[in-house]
Structures are given as C-alpha cells and as structure tokens.
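*Asks:* All chains, full assembly: derive it from the sequences and hints.
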Amino acid sequence: MKLNERSVAHYALSDAPADLTGFLRTWAGAASSPGPSGAGRRCWFVLKGNLLFSFESPEGRAPLSLVVLEGCTVELAEAPEPEEFAFAIRFAAPGVRPHLLAADGPAAQEAWVKALSRASFSYMRLVVRELESQLRDARLSLALQRRASWRTPSRRKPPALDQRPVGLDNGHGSSRDCSPTGLMEWDLQGTPSLGLGRGQSPVSPETSCFSTLHDWYGQEIVALRQGWLQRAQARQQLQEHHRP
Amino acid sequence: MRYNEKELRALSRQPAELAAELGMRGPKKGSVLKRRLLKLVANFLFYFRTDEAETAPCVLPQPVGALLLERCVVSQEEACSFSLSFVEDMDRKYVFQCDSERQCLEWTGALRRASYEVMRRSLVFYRDEILKMTGKDPLEQLGISEEARFQLSAIKA
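Just so you know, the protein sequences line up as chains A and B, in that order. Heads up, the first sequence is in the UniProt record's numbering, so the first residue is 1 and it goes up one at a time. Heads up, the second sequence is in the UniProt record's numbering, so the first residue is 1 and it goes up one at a time.
Just so you know, these hints were derived from the structure itself, not from any lab. Treat the hints loosely; a few may be bogus.
DEER-style ranges, computed between Cβ atoms [to be verified]:
id: 1; chain 1: B; residue 1: Ala148; chain 2: A; residue 2: Pro80; range: 26 to 32 Å
id: 2; chain 1: A; residue 1: Glu83; chain 2: B; residue 2: Pro15; range: 14 to 20 Å
id: 3; chain 1: A; residue 1: Arg97; chain 2: B; residue 2: Asp128; range: 37 to 43 Å
id: 4; chain 1: B; residue 1: Gln62; chain 2: A; residue 2: Leu229; range: 34 to 40 Å
id: 5; chain 1: B; residue 1: Gln76; chain 2: A; residue 2: Arg146; range: 50 to 56 Å
id: 6; chain 1: A; residue 1: Ser122; chain 2: B; residue 2: Lys34; range: 27 to 33 Å
id: 7; chain 1: A; residue 1: Ala148; chain 2: B; residue 2: Glu101; range: 20 to 26 Å
id: 8; chain 1: A; residue 1: Arg147; chain 2: B; residue 2: Pro15; range: 38 to 44 Å
Cβ atoms here follow ideal geometry from the backbone N, Cα and C, with glycine treated the same way.
*Replies:* Now the structure itself:
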C-alpha cells in the first residue's frame, strides 16, 4: 500500500504545532526479537494532531516511525524493565501488535496517556462541532437582544463582528476561496435564503474560510429575524381582529 | 519511515465521510486516468481498485494507497475535475475526475475540511469568538481548557 511519505515527513518537520514532545523508550521495530524484551530503545517522540512520530533525537531530520492514532486505545502497561513507566497503544484490528512505550517518570507517563488518548480526528471534530453550535447560539441571542432594542425594525446588516479572513487551504495560505462575494450578494438581495448550495452542511460550514462562516451565520440571523417579524405582524393582526 | 500497514488498512475500513468512484491520475509522468474507489476517512484519502469486488469477492478490499491530507492544496481544474498537491512539491499533482460539477464541489469542500490543522484553527477561532461574546471560555465549561492542542498560543500567526 502506498502512502505519500514525503508529505508525511514534511508535515512531521513543519511548523505545525506539536501537542507533546519528549523522550520515550520503545520496543517496536526490533524485528529480530518476537516480543518486547530488554531495555528497548530511547527515541524522541513528537505528537502532531493524530500522528505520532519518532525521531533519532530532537534534531533528527527524518522520522523513524509513524503511528496514526485512530481507532486505538491507550492504557497503562507493564514494561520488561520494572522501573519504567510504560503504556501501550492498542488497535482493535486483528493481528496488530500493541505499541509499547515507556516514559521516564509518572508525570510524563500521565501526560502522554492523556494526550494520546485524545489525539483522534473524531475527538477534535466533536469539540469543533460543539463550539460551532455554542457560537451559533451566542450569536442568535446577541441578535435577539439587539432586535429588542430596535424601535423600528429595518433591514440592517447583522452586527459586524470582528472578522479575520485567514484564507487557509489545509494549512497553506491561499485566498482563492475567501472572496466576499457571498456577503455582497446578501447586501444586494436583502432577502437571503438559507440556501447552503455551495456544498456546505449546516453542521460544519466551510470552516477554512471565516468570511463564508460570517456570511453563513449572518444569513441565519436575518432569516430568524424575518420569521419573528412575520409572527409579530400576525399577532398584531389577530389582536386587531379581536378588538371590539 | 516505519509504519504498520495493517493499522492503515483498518482505518480505511472505518465509515467514510465521503466515498465515490472517481477517475484518478497519479503525479508520475505518463500516468493515466484510472477508475478508483475513493474513501475519505479522518484526514486520510484512501483509494481502492474498483474491479476487486468481482475478481476476489471473499477478500476484504485492500487500498492501493493513502494520502495524508495535511498541508495540501485542493484546486478546481476544469468544471468536473480537481487536483490535490502538497506544499513540499506543488508540481506533483493528483488529478481527480468527477461525474458532475456538483460532485466536484462536494469533494473539494470535504477535502479542504479534512485536515487536523484546519480543524484546530477553526476551534481556536470559535473559542476566541465565544470568549469575546459571552466572556466565558467554552472549553473551561467542558473541562478541557488546559489541553495543549486547544491553546491559542499553539498557532503561529
């Protein structure tokens, strides 16, 4: 099976932030011995997102190994050397041996177990989606507060929130998809639809482009406001109707 | 660089964010467009042969390859095709042919989101926005505000 190894190695050495680094003892890669035994080998480990790399030393320019931390569990384990603070990365897949690693002390052991067990992409995505919905709620309540303070409802732009068009294409700078056209259309048309026709799901809009996000939340607020206005008008008509 | 193929193969069998048969052409000179089953799982794009189900129906399909989607650039090529290249060598391009413009948009959108680094940046942005609007740190409420992977300082400007 092929892997874009050059890109993986490039990412390992890139300025993308490391979540944890340190020396660990490893018993992997000893092809001559069937199981972990002896002192193992001390390597420099770098955790970046859901990828765990090992290097000869902190100055190493080529990763020795890669473990993709998806579908695995991390638990405390016993090392062949009793004084080691060991833990294992286990995969549910059949025939896959666990990766046995050991830290120098209990604090490092705890830090590694914690960081590795929360390294999966799905965990990150879960937290992102939770914050996405919290931000949506916060923006709605802010919009409603402002609504309450407007005496005459008019078609105004949603509150201009601080906006930082970062323009990222998987971590690589590019502004190609961050044109504010969506926002301009919105201004001209006045009545935006909740159309998410550009391949965007309501749960996770195009997160690589903040101006799109901004536009997207703005549309939602306006749609909500219109619904509220219509209901208020209907209520008023109803009251007039019942007036003797 | 050593890695366990079995682990990657297991990942390729996880539920996909997006999966379809597309035309795919590798970056090597003289590569031709081949029909491949593409599966997007986490930040990896797996590609499989499409004729395997007929030739060996009892064997679990094995991916031909996997692409890690960090530091990659997704570009629209023609109306129904897009390319994938990686920052260390932008001339090496993987080209994909879709059946429709709609499918092409669906794939380019999903691939651009399928990066841990993009997720992390979104998270930091949301956290900052919520903090500014409500005065409360949403991660503190979740009890994970101290985690290194969620820190604002982790991202270089």
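*Asks:* Going through the numbered hints above, which ones does this structure break? Give me the numbers in ascending order.
*Replies:* Of the numbered hints, 2, 4, 5, 7 do not hold.
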